[in-house]
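Could you fit the two chains together into a complex? Lean on the hints.
For reference, the chains in residue letters:
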Amino acid sequence: MKFPYSETVLEHFRHPRNVGQIEEPDGKAIEGSPACGDMVSVYINVDKETNTISDIKFESYGCASNIATGSIITELAKGKTLDEAKKITWKQAADALGGLPKLKAHCSVLAIEGLRSAIQNYEERHGLVKERKPTTVDVVRRRLGKVMNPLSGLSVVRTNLVTAIEVKDGNVRVIIDLPSDHQFAPVVKEEIMEKIEPLWDVKSVEVVFTD
Amino acid sequence: MLERVVYLDNAAATRLDERVLDAMKPYFFETYAVATSEFGYSLGIEAQEALGEARSAIATSLGADSEEFIFTSGDTESSNIAVKGVAQALGEKKGRHIVVSKIEDFPVLNSARALEKQGFDVTYLDVDGEGLVDLDKLRDAMTDRTALVSIQHANQEIGTIQDLERIGGICREKGALFHTDATHTFTRVPLDVGKIPVDLVTVSAHTIHGPKGVGGLYVRSGTPLGKWMDGGFQEFNLRAGLENIPGAVGFAKAVDLVTPEETEKLRAMRDRLIDRVLAEVPDTTLNGHRSKRVPQNANITFHFVEGESITLHLDMRGFAVSTGSACFSRSLEGSHVIFGIGGDHERAHGSIRFTFGRYNTMEDVDGIVASIAEVVEELRKISPLGRDKEGQEGSK
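Listed in order, the protein sequences are those of chains X and Y. Okay, so the first sequence: first residue is 1 according to this note's numbering, each after it adds one. Okay, so the second sequence: first residue is 1 according to this note's numbering, each after it adds one.
Bound-form chain Y, shown alone (with noise of 0.2 Å):
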């Protein structure tokens, strides 16, 4: 059996940091009662106030006020919060469309099939090759009737950084909401809502090795928002039930764990492994933005081989990544992201996503390298494409 797994997954979830844990560990068993209101008894005010220094430290790690910030159980639930709740507050004062960009993660992106379902108008904006939003399509596509655009800030898969400012310059414009899930981008790539024009924003501990199943919602002081969850009037009442605050505080550690000296770590493994693939390993490509992407994400493509495949040859040498082939996706489709870059099914089908964190080394880097150059040219050795076959491949 293998010592040790070389994780590069990291988009998907992030080992726990032991001191966010530590972190955490007091509100389980310590100061574990509910988060009272002032007049309640001591271990709940307690508690209130390691949730309100939790929240005011994520608050404004993003240049927020804390009263901007909510809790909720990650970033599914933030964006639903957001693109629905807009929906539900100004869907009749406003107008019933949304504009959202076609490579916007599922959360977004089948909020807006579920309002497109009750009779909303989305536009699914298209992006280029590289995975950037058109910002004149944008403009297009707007109307007096837009509530809401909602564009990612980084896209979960490619990695590609979007232009917030100007994206926000024109949903302001327009007099449109804006939301961005940052879910990739929180405390890796600068996003401070005292400059960027953006009414929401969805966090996540998970992608910066903090617990699972909690994230966050910045919401821009009186932007109007339907409630989602009924019950209780937590978190200014925009999201009942009762607080999770050992996730809460974590999440707080979480992102005061994050140095900018560990993201530039985290691109120099990136731009190593990118270099290296491309030059070392033939007909394979980058997909998303070179130099606008998060610092953790390398995706690349290679050519005449599945990657499902890839990635079980991987797993057995014990390295753990993701890849956007259909066989591999519970759905069984094919990367709608590199569909939405005009990629076809074949670059969608041999896409491999690398990403980055706190635990990995240079050395994994050249064992990735290493390892997925030799598997690539097995698989490629039993694959009916390839350049040197090329001839035959029309003999059906």
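Isolated chain X (complex conformation) (with noise of 0.2 Å):
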């Protein structure tokens, strides 16, 4: 028989680790939707003497390797220092798991993201975090390093899909080098809708296809 994912991939998606929640939890984190796809809840407890992640626990509705992904980033962050959790990049998680298709990309990094949200909620809840900064041109273009190029794997602002980003007054306007009936485009357009529409300054986004 012949699977689309690595064995250490197949592994976690059959049997994850560190499944479930965690009751009353030092800090937690659920990232994506059910509308919009792929879902994530990442719980955290702290040792507040190392400051290293003590306990983990995920969830995952999602495909096999949002799942293996989450389970991976569970072993991976484990014992770790906040500061040494944060760094974890999809690329060591994908890593890890001897390997994950370009194309889920977007799927796994989701629970990368949920582990640094969690963490992140961690530190705003015990007054870690600074105040809240404006959104620049410059936020926004950190953000859209988690959006992925299906095209590549790799962020759409690594791969200059990304030509321009306009920020006036709220207005957020994203030029992607891609037809707008490109196979990829809807889920490029959604996902960086996903990434800037919360940020809490932002009025409205736009994203303009060049044709």
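It should be emphasised that the hints constitute simulated quantities derived from the structure, not laboratory data. Watch out, some of these pointers could steer you wrong.
Stated by the list, open to error - Think about it this way: if two alpha-carbon atoms lie no more than 25 Å apart in a straight line, the pair counts; the simulated BS3-like pairs of lysine-lysine are:
no.: 1; chain 1: X; residue 1: K195; chain 2: X; residue 2: K86
no.: 2; chain 1: X; residue 1: K189; chain 2: Y; residue 2: K102
no.: 3; chain 1: X; residue 1: K189; chain 2: X; residue 2: K102
no.: 4; chain 1: X; residue 1: K189; chain 2: X; residue 2: K146
no.: 5; chain 1: Y; residue 1: K117; chain 2: X; residue 2: K189
no.: 6; chain 1: X; residue 1: K86; chain 2: X; residue 2: K146
no.: 7; chain 1: X; residue 1: K102; chain 2: X; residue 2: K91
no.: 8; chain 1: Y; residue 1: K137; chain 2: Y; residue 2: K94
no.: 9; chain 1: Y; residue 1: K137; chain 2: Y; residue 2: K84
no.: 10; chain 1: X; residue 1: K57; chain 2: Y; residue 2: K381
no.: 11; chain 1: Y; residue 1: K137; chain 2: Y; residue 2: K195
no.: 12; chain 1: X; residue 1: K2; chain 2: Y; residue 2: K212
no.: 13; chain 1: Y; residue 1: K381; chain 2: X; residue 2: K78
no.: 14; chain 1: Y; residue 1: K265; chain 2: Y; residue 2: K292
no.: 15; chain 1: X; residue 1: K57; chain 2: X; residue 2: K87
As the list claims (entries may be wrong) - These stretches of chain X come out as covered by chain Y in the derived footprint (C-beta under 8 Å, 3 or more residues):
no.: 16; stretch: 8-22
no.: 17; stretch: 38-46
no.: 18; stretch: 51-61
no.: 19; stretch: 100-108
no.: 20; stretch: 176-190
All C-beta atoms in this analysis are idealised placements derived from N, C-alpha and C, irrespective of residue type, glycine included.
Now the structure itself:
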């Protein structure tokens, strides 16, 4: 039989580690939503003395790579300091899984974000974050760094799919170097909207394709 | 390793029937010549005769004359010829407007989109919650400029069968041509062009245990159709290219092998699967119409879980099915059919299509029901969504 994933992915998919919830966790986050597709929730407990992740659990409403990535990041993050855990990348998770298909980057990156958001949630709740920053072109660019270009498995920024970003009075315009009828145009647009719309001072988001 | 895969994706492709292969073989090794004119050499005349007999057999099964049926490379090509061919022939004369349903399969849908880019107006007609075209909306959408209406006989994903007789009647009334994609109904659901007012019908061999790469198009006598594939004068000068005679012969044999008894057997398997899953697996929704449905199709959404995860688990247990989940599709988009019937991403995400064929048995039905119930239960355990967890959902 021939499966579309590595042995390690299949193993984590079949037997995901650290599944479930933590009662009254120190930090938690839900990334994605049923409306947009995949969804991951991550729960952490933090050892305050060492600032390390003492316990971590996840739940997934998603495809095989989403489940496997959720599982592997719990293993990678457990025992790490918050700063170390924040720096875990999709690439590291993918490597630990023996590789992930490029096309699946966008499904699996959600788990990485879930982990970072859970840490952020912990930090916010424990007064460890600074003031909210206004949304600038740089902020948008950084967030778009999490939107994957399905053609390459790298971010839309790194692969120059984003040709321009404009931010004016809370209205954001992102210019994408794809024709609007491209196979991946709808999914790229949806993910950009999803990343930028929740920013606290953003009023509207427009994704423009270059036909 | 598993001994046998229970294949339940017969809408996508079917196993070739050995009897079809036997019928095709002589046209690879013995009568392999080009189909010549009646003044050619004997091998070519024999090839021509075989092609003619295959054509006549398939045309007859549709209630058509031989001269009204052309062979193509499959349903994609047939629908391209129909939609673009009519647009090319009538766009200037009649008008640059065509009507398609929102849930057409990609050959029709993307042909319509291609025409839109060339300046045609396209109406993408809504369907109701079960996938049926609203006939009043169809009537309202049509104008004097409408050259073509293309509405499928049955849907590729949810199996809903449209009322072709009434749709065709409206097209006649309004003076537009009518094409239907019958890829998923041909031989399983009756379609007689003598009774149904339809001008073009797409059919294909790959859904009925015939060879891949062979299809056909019924073209009612006198239907204006632009030539799409240029070359020689084959297929009544509508589709150039060396004829695929083994394919044509195989297609005819495949049509011949479908029996009403077999179709009833498929219907019984479908009904058992739908009834058992809806009764035994909680939080499930049938997609498509319960009775106006092709006999071989079941499509069910398993809520709170994602389809690719289901298909992979089932694959590891030896079952092949497909899903309308975005994660499964080449474009990473959820099923346009599930969206078309008013479903949301969640409904598309957890939708599984089961399509039966000649080589399935009732044991396969019981096997898939037991396996899918287990798989869905396992996946629901790790899902943050679900009825018993609702209280925690809004706690972001």
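Taking the hints in turn, this is what the structure says about them:
Of the supplied pair hints, the one linking X:K195 and X:K86 holds, its CA atoms being roughly 18 Å apart against a limit of 25 Å. Note on X:K189 and Y:K102: the hinted pairing holds, with a Cα-Cα distance of about 21 Å set against a maximum of 25 Å. Distance hint between X:K189 and X:K102 is fulfilled; the C-alpha atoms sit about 18 Å from each other, no more than 25 Å. A distance of roughly 13 Å separates the Cα atoms of X:K189 and X:K146; the hinted pair therefore holds under the 25 Å criterion.
The hinted pair formed by Y:K117 and X:K189 meets the criterion: a straight-line CA distance of about 21 Å does not exceed 25 Å. Distance check on the hinted pair: X:K86 and X:K146 sit about 14 Å apart at the alpha-carbon level, within 25 Å; holds. A hinted pair counts as satisfied when its Cα atoms are at most 25 Å apart, and X:K102 with X:K91 qualifies at roughly 11 Å. Between Y:K137 and Y:K94, the direct Cα distance comes to roughly 21 Å. Compliance with the 25 Å bound is thereby established for this hinted pair.
Between Y:K137 and Y:K84 the CA atoms are separated by roughly 23 Å; this keeps the pair inside 25 Å, and the hint holds. As the CA atoms of X:K57 and Y:K381 are separated by approximately 13 Å, the hinted pair is consistent with the 25 Å bound. Between the alpha carbons of Y:K137 and Y:K195 the distance comes to roughly 24 Å, so the proposed pair stays at or under 25 Å and holds. With a CA separation close to 22 Å, the supplied pair X:K2 and Y:K212 stays within the 25 Å bound.
Using a Cα cut-off of 25 Å, the hinted pair Y:K381 and X:K78 holds, with the two alpha carbons roughly 22 Å apart. Only pairs whose Cα atoms come within 25 Å are accepted, and Y:K265 paired with Y:K292 is accepted, the gap being roughly 17 Å. This hinted pair checks out: X:K57 and X:K87 have alpha carbons roughly 18 Å apart, not beyond 25 Å. Against chain Y, the stretch 8-22 of chain X contributes 7 residues with a C-beta closer than 8 Å to a partner C-beta. That satisfies the three-residue criterion, and the hint holds.
Only residues whose beta carbon comes within less than 8 Å of a beta carbon in chain Y count, and the stretch 38-46 of chain X has 4; three or more means the coverage holds. Here's how the stretch 51-61 of chain X fares: 3 of its residues keep a CB closer than 8 Å to some CB of chain Y, so the rule of at least three is met and the hint holds. With 4 residues carrying a beta carbon less than 8 Å from a beta carbon of chain Y, the stretch 100-108 of chain X meets the three-residue requirement, and the given coverage holds. Interface restraint, the stretch 176-190 of chain X with chain Y: holds (5 residues with C-beta to C-beta distance below 8 Å; minimum three).
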